[in-house]
Amino acid sequence: MSDTPVDTNKRTWLIASTCAGAVGGVAVAVPFVSTFQPSEKAKAAGAAVEVDISALKPGEKMTVEWRGKPVWIVKRTPEQIESLNKTESQLADPKSERKQDEFTPVYARNQARSIKPEIFVAVGICTHLGCSPSDKFQTGAQPSLPDDWNGGFLCPCHGSTFDIAGRVFKNKPAPDNLQVPPHMYLSDTKLLIGEDKKA
Amino acid sequence: MAEFKEISPDASAGEKLLNWVDNRFPASKLYKEHLSEYYAPKNFNFWYFFGSLALLVLVIQIVTGIFLVMHYKPDANLAFGSVEYIMRDVPWGWLIRYMHSTGASAFFIVVYMHMYRGLIYGSYRKPRELVWVFGCAIFLALMAEAFMGYLLPWGQMSYWGAQVIVNLFAAVPFVGPDLALLIRGDYVVGDATLNRFFSFHVIAVPLVLLGLVVAHIIALHEVGSNNPDGVEIKGPNAPKDANGHPLDGVPFHPYYTVHDILGVSGFLLVFSAVIFFAPEFGGYFLEYNNFIPADPLKTPLHIAPVWYFTPFYSMLRAITSEMMYVLIACVLAGAYFGAARTNLPKVVKAGVVGAAVFVSLLMLSIDAKFWGVVVMGGAVVILFFLPWLDNCAVKSIRYRPDWHKYMYGVFVVNFIVLAYLGVQPPSAIGERVSQLGTLFYFGFFLLMPIWSRIGATKPVPDRVTFTPH
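Chains as they are written, first to last, in numbering that gives the first Met the number 0: chain A, 0 to 198; chain B, 0 to 468.
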């Protein structure tokens, strides 16, 4: 260090101009970071989807795409609906009370998590890390599943299991039940996914 | 400015040219400092090949990458097809692609070996802490580079792997979902994600990586290389010749440049064998599901990351809500130890207990999913702190207490077991084993300040152990 005394006036201006420069730098960073956000085009791509479910037979599932995500429509058999009583005690959130606004619309806050008990509509994306669970409708013992399996879904990524109403079992990585998307019936056989009567 | 050097008019044209350059750019000076007069210990063994091999693989990846970009299309509709086009229609494209995909795995093999060398010989100890820290940063950048590169072929594994890892960020409380949205640029992994990962993979991360490699080498050449004995060859008491050069060192060039040619030959032998005879390496280097185009509606029945991420992925999977109680017990036990068994001031003790209770409450209130992410990130971040965790009196494993060797042995076996479990489908027994493995991994590092002191060390020689052939 030199012994020349510090010119405080000059230093004050140095500090002031450095601060001004830093503010300018941060301001310039804003548009760059903003480009990471979804584009207007991506935001506009969220339109509702109309589905004809007349061909769906009991015990079958169909998948449609809504906002780039798989949406499942399952027509449950009476046995499957009955199984919802048996799984109740093994579930993490049997009454779908967690984060209801996000995962369970008002009309699905029931045991079957659906408007009509036999028709189950859910976003087929695991609430853990976004994999799409696979169908395990076959009951009984099988690999990766408990021996008293009543039918439901198994996520291949981290082994989370869901019952036939998309309710997650206890002690699994997924924290929440599967999301029920906003949906409504246009007629007995026509479903609209992405919109409900409130909207 | 350095003194302007005149050269005799009788000098050759080459000498005159070099003198002209040296007066304007430190060419000879850099050459001497980093090659012909950089003295490296003469007792380097097999493990010391991996540093130069890492540099070689970096060059292979950059060169093959440049050529792949000439034919690849970063577009969700075209990406998968353009990779197949490279494989089938571009002349020799398959070779360049296989070199790049095998190079990615080779990079991690070489880097893991290089890090293990540093671990056993104490190459991270004072004064080499920054060499190690830069190295860990390189490892982190490499993981980012590999992860983003894996999305580009736009196969099923690319797609769902990215979906899972990006969703990890969504587990962060409060800002998580917005953060994941910012990374993807869409509500699911899509074209926007592919384009930005491409940009990061070919420009941003490689630039950071190169800068860090330069910093790693500058720091290394400032403090000098460690060696298998952990003896300082350039210290004030180390024996030197008349010119002040260490007697236990040899100039990097020509001795180690020639020596490394052996390592390079061995490496290229294995590398070429894999490229030509087993480029997919049984689904470990290129996963079979990645030969199916990405389908956002269907997750493959079994998804696993590429092998080099699996130890960390296992630790992520190990954190279930049951495991959280074990972790809370660990935090509270640590706080009890800090408060009851040490001589810290009362204020610090109160702080430790308060922090432990606070963390335990957080652990109870935030999903296990988030803590899984914390554990996975922590497993990498903890490596940065290694220089300050090791309290052993000696550097090298050669002079550490014998039981330390078993400790390192178990660490390696544990790491491999975690890696194996990470490629397997989830199972009850695998979950328990990976939970134990996770506890051991963190225990190894977090308790190192204590265990590294225990046991009698052996006398460290004054000079390196070296027998001329």
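Derived from the structure by calculation, the hints contain no laboratory data. Each hint should be verified, as a subset may be incorrect.
Here are the simulated DMTMM-like cross-link-like pairs (lysine to aspartate or glutamate), alpha carbons at most 20 Å apart as the crow flies [as the list claims (entries may be wrong)]:
(1) Lys-68(A) with Asp-147(A)
(2) Lys-169(A) with Glu-430(B)
(3) Lys-42(A) with Asp-190(B)
All values derive from a computational prediction rather than experimental measurement.
Going down the list of hints, with the structure as the test:
1. In summary, the hint linking Lys-68(A) to Asp-147(A) is not supported, as the alpha carbons are separated by about 31 Å, beyond the 20 Å threshold.
2. The suggested pairing of Lys-169(A) with Glu-430(B) holds, with an alpha-carbon distance near 15 Å, which does not exceed 20 Å.
3. With a C-alpha separation of about 13 Å, the suggested pair Lys-42(A) and Asp-190(B) falls inside the 20 Å cut-off, and the hint holds.
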